[in-house]
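I would like the entire structure built from these sequences, with the hints used as guidance.
First residue of the sequence shown? That's 86 in our numbering, and the numbers climb one at a time after it.
The reader is advised that the hints may include incorrect statements.
[Said to hold, decoys possible] Each pair of labels, with its calculated beta carbon distance range:
id: 1; residue 1: 191; residue 2: 108; range: 19 to 29 Å
id: 2; residue 1: 181; residue 2: 130; range: 10 to 20 Å
id: 3; residue 1: 173; residue 2: 108; range: 28 to 38 Å
id: 4; residue 1: 87; residue 2: 193; range: 11 to 21 Å
id: 5; residue 1: 112; residue 2: 195; range: 33 to 43 Å
id: 6; residue 1: 176; residue 2: 108; range: 11 to 21 Å
id: 7; residue 1: 188; residue 2: 100; range: 15 to 25 Å
id: 8; residue 1: 147; residue 2: 184; range: 14 to 24 Å
id: 9; residue 1: 96; residue 2: 190; range: 16 to 26 Å
[Claimed, not checked] Quick list of in silico lysine to any residue cross-link-like pairs, SDA-like style, CA-CA up to 25 Å:
id: 10; residue 1: 96; residue 2: 118
id: 11; residue 1: 159; residue 2: 114
id: 12; residue 1: 153; residue 2: 176
id: 13; residue 1: 87; residue 2: 172
id: 14; residue 1: 96; residue 2: 199
id: 15; residue 1: 160; residue 2: 173
id: 16; residue 1: 96; residue 2: 113
id: 17; residue 1: 189; residue 2: 206
id: 18; residue 1: 87; residue 2: 105
id: 19; residue 1: 96; residue 2: 175
id: 20; residue 1: 87; residue 2: 118
id: 21; residue 1: 96; residue 2: 107
id: 22; residue 1: 153; residue 2: 103
id: 23; residue 1: 189; residue 2: 157
id: 24; residue 1: 128; residue 2: 107
id: 25; residue 1: 128; residue 2: 170
id: 26; residue 1: 142; residue 2: 159
id: 27; residue 1: 96; residue 2: 146
id: 28; residue 1: 143; residue 2: 110
id: 29; residue 1: 202; residue 2: 142
id: 30; residue 1: 153; residue 2: 125
id: 31; residue 1: 128; residue 2: 185
id: 32; residue 1: 96; residue 2: 206
id: 33; residue 1: 128; residue 2: 159
id: 34; residue 1: 203; residue 2: 98
id: 35; residue 1: 87; residue 2: 110
id: 36; residue 1: 159; residue 2: 181
id: 37; residue 1: 203; residue 2: 132
id: 38; residue 1: 128; residue 2: 118
id: 39; residue 1: 128; residue 2: 144
id: 40; residue 1: 153; residue 2: 172
To be clear, the hints were calculated from the coordinates, so they are not data collected in a lab. Even glycine gets a Cβ: it sits at the ideal position worked out from N, Cα and C.
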Amino acid sequence: MKHILLIEDDKFLADIYARHFREAGFHVRHASSGEEGFESALKDPPDMIVLAIALPKKNGFEILEELKTHTQTKKIPVMMLTNLSAREDIERCLSAGACEYLIKSQHTAQEIVALVKKRFSIKK
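Below, the structure is given as C-alpha cells:
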C-alpha cells in the first residue's frame, strides 16, 4: 500500500482529499502545518507528499525547499496542490523539485487521486 503524506491546513479540503486517497487504496497521513509535515516526513518517509503552499508558520515553498535539500526526504516526489496560479509560483516549485503543480480549482479530488496513481505507475 502506497503511503501519502498530505500537508494541508484547510481541514475540510484535507478530509475530502484523504477520503478519496483512502478509497483508492492509499494509506494517508495528514499534517496541518508545514513544520508538522516536514517532521512527519522525516520520522516516517512517505511514498509521495501532497503539499499546499498557503500554510501557517512555514509556507509550502519553504517546506518544498527543505524537503528537497534534506538527504532523508530529497527523493520523495512532491506534488504541489494550491490555489496560486502565477507563473512565477509554478516555476519556483517545479525548479525546486516538485513533480507536479496542481491548482485546486482546476482539479477534482478524483482527478488528483488519478494523477497520483498515474505517477506511481510511471515509476514502475
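Structure-based check of each hint:
{"no.": "1", "hint": "191 with 108: 19 to 29 Å", "verdict": "holds (21 Å)"}
{"no.": "2", "hint": "181 with 130: 10 to 20 Å", "verdict": "holds (18 Å)"}
{"no.": "3", "hint": "173 with 108: 28 to 38 Å", "verdict": "holds (35 Å)"}
{"no.": "4", "hint": "87 with 193: 11 to 21 Å", "verdict": "holds (20 Å)"}
{"no.": "5", "hint": "112 with 195: 33 to 43 Å", "verdict": "violated (18 Å)"}
{"no.": "6", "hint": "176 with 108: 11 to 21 Å", "verdict": "violated (33 Å)"}
{"no.": "7", "hint": "188 with 100: 15 to 25 Å", "verdict": "holds (20 Å)"}
{"no.": "8", "hint": "147 with 184: 14 to 24 Å", "verdict": "holds (18 Å)"}
{"no.": "9", "hint": "96 with 190: 16 to 26 Å", "verdict": "holds (18 Å)"}
{"no.": "10", "hint": "96 with 118", "verdict": "holds (11 Å)"}
{"no.": "11", "hint": "159 with 114", "verdict": "holds (19 Å)"}
{"no.": "12", "hint": "153 with 176", "verdict": "holds (15 Å)"}
{"no.": "13", "hint": "87 with 172", "verdict": "violated (31 Å)"}
{"no.": "14", "hint": "96 with 199", "verdict": "holds (21 Å)"}
{"no.": "15", "hint": "160 with 173", "verdict": "holds (23 Å)"}
{"no.": "16", "hint": "96 with 113", "verdict": "holds (14 Å)"}
{"no.": "17", "hint": "189 with 206", "verdict": "holds (23 Å)"}
{"no.": "18", "hint": "87 with 105", "verdict": "holds (14 Å)"}
{"no.": "19", "hint": "96 with 175", "verdict": "holds (24 Å)"}
{"no.": "20", "hint": "87 with 118", "verdict": "holds (22 Å)"}
{"no.": "21", "hint": "96 with 107", "verdict": "holds (16 Å)"}
{"no.": "22", "hint": "153 with 103", "verdict": "holds (24 Å)"}
{"no.": "23", "hint": "189 with 157", "verdict": "violated (28 Å)"}
{"no.": "24", "hint": "128 with 107", "verdict": "holds (21 Å)"}
{"no.": "25", "hint": "128 with 170", "verdict": "violated (31 Å)"}
{"no.": "26", "hint": "142 with 159", "verdict": "holds (21 Å)"}
{"no.": "27", "hint": "96 with 146", "verdict": "holds (20 Å)"}
{"no.": "28", "hint": "143 with 110", "verdict": "violated (30 Å)"}
{"no.": "29", "hint": "202 with 142", "verdict": "violated (30 Å)"}
{"no.": "30", "hint": "153 with 125", "verdict": "holds (15 Å)"}
{"no.": "31", "hint": "128 with 185", "verdict": "holds (24 Å)"}
{"no.": "32", "hint": "96 with 206", "verdict": "violated (29 Å)"}
{"no.": "33", "hint": "128 with 159", "verdict": "holds (14 Å)"}
{"no.": "34", "hint": "203 with 98", "verdict": "holds (22 Å)"}
{"no.": "35", "hint": "87 with 110", "verdict": "holds (8 Å)"}
{"no.": "36", "hint": "159 with 181", "verdict": "holds (11 Å)"}
{"no.": "37", "hint": "203 with 132", "verdict": "holds (13 Å)"}
{"no.": "38", "hint": "128 with 118", "verdict": "holds (15 Å)"}
{"no.": "39", "hint": "128 with 144", "verdict": "holds (20 Å)"}
{"no.": "40", "hint": "153 with 172", "verdict": "holds (21 Å)"}
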